[in-house]
Amino acid sequence: GESVGLHLPTLSVQEGDNSIINCAYSNSASDYFIWYKQESGKGPQFIIDIRSNMDKRQGQRVTVLLNKTVKHLSLQIAATQPGDSAVYFCAEKLGGYQKVTFGTGTKLQVIP
Amino acid sequence: EPEVTQTPSHQVTQMGQEVILRCVPISNHLYFYWYRQILGQKVEFLVSFYNNEISEKSEIFDDQFSVERPDGSNFTLKIRSTKLEDSAMYFCASSVRGSNQPQHFGDGTRLSIL
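Residue numbers (this note's numbering), protein chains in the order written: chain X, 332 to 443; chain Z, -2 to 111.
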């Protein structure tokens, strides 16, 4: 259906290439960061997280980089596959609080 | 893999009516949450719940909203008198602990207010 409100930035990548999704987070006091993947009609799905005392964390085919100096997070997806097509959200959390604050999202389109 | 389940998947309600959205969190999780996502917008935090009480809530979570854990498995969100602007996807989430642990989300209930 038609979307109203925020216009999502879109990243188009060729199948098999690496993808890099960037995110600027808002609060310099945030100490925990998460990347979520949301497919159409589904809820946010946890991909990977990182604590503020780290600057890099690797998972299966995914890597998250954290640069606290410029409040920047990135998600790298290796060998992108059609099943990776989705909206990706970065999210942040302040220590001592349960609220997770989501970013605006980036739509990843994988071209077969 | 254990997952958060939500019912119904779609709820259509007349403005002014009460609605209850239901969730079954992951069984060994202790913290429960509700978020909402208005069409095309960000996912927004509503409330967190731990040890049978609200631990944190946002400014959106006003007196029209309430949460309850009526038994050992269900977690509900009630909206007492729905407004048109309550139309959104409502997501339930749960986590093992409250800090530095990922929150795992259900697939949501689409609430449509007529």
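Hints were generated in silico from the structure; no laboratory data involved.
Keep in mind that a hint or two might mislead.
[Unchecked claim] Heads up, incomplete: computed chain X residues facing chain Z, CB under 10 Å, no partners named:
1. Leu339
2. Tyr363
3. Gly374
4. Ile379
5. Lys424
Note that beta-carbon positions come from the ideal geometry of N, C-alpha and C, so glycine has one too.
Now for the hints, and whether the structure bears them out:
1. Leu339: Holds, about 8 Å.
2. Tyr363: It holds, given that the least Cβ distance between Tyr363 (chain X) and chain Z is near 5 Å, below 10 Å.
3. Gly374: holds (4 Å)
4. Ile379: holds (9 Å)
5. Lys424: holds (8 Å)
In terms of the numbered hints stated before, the structure departs from none.
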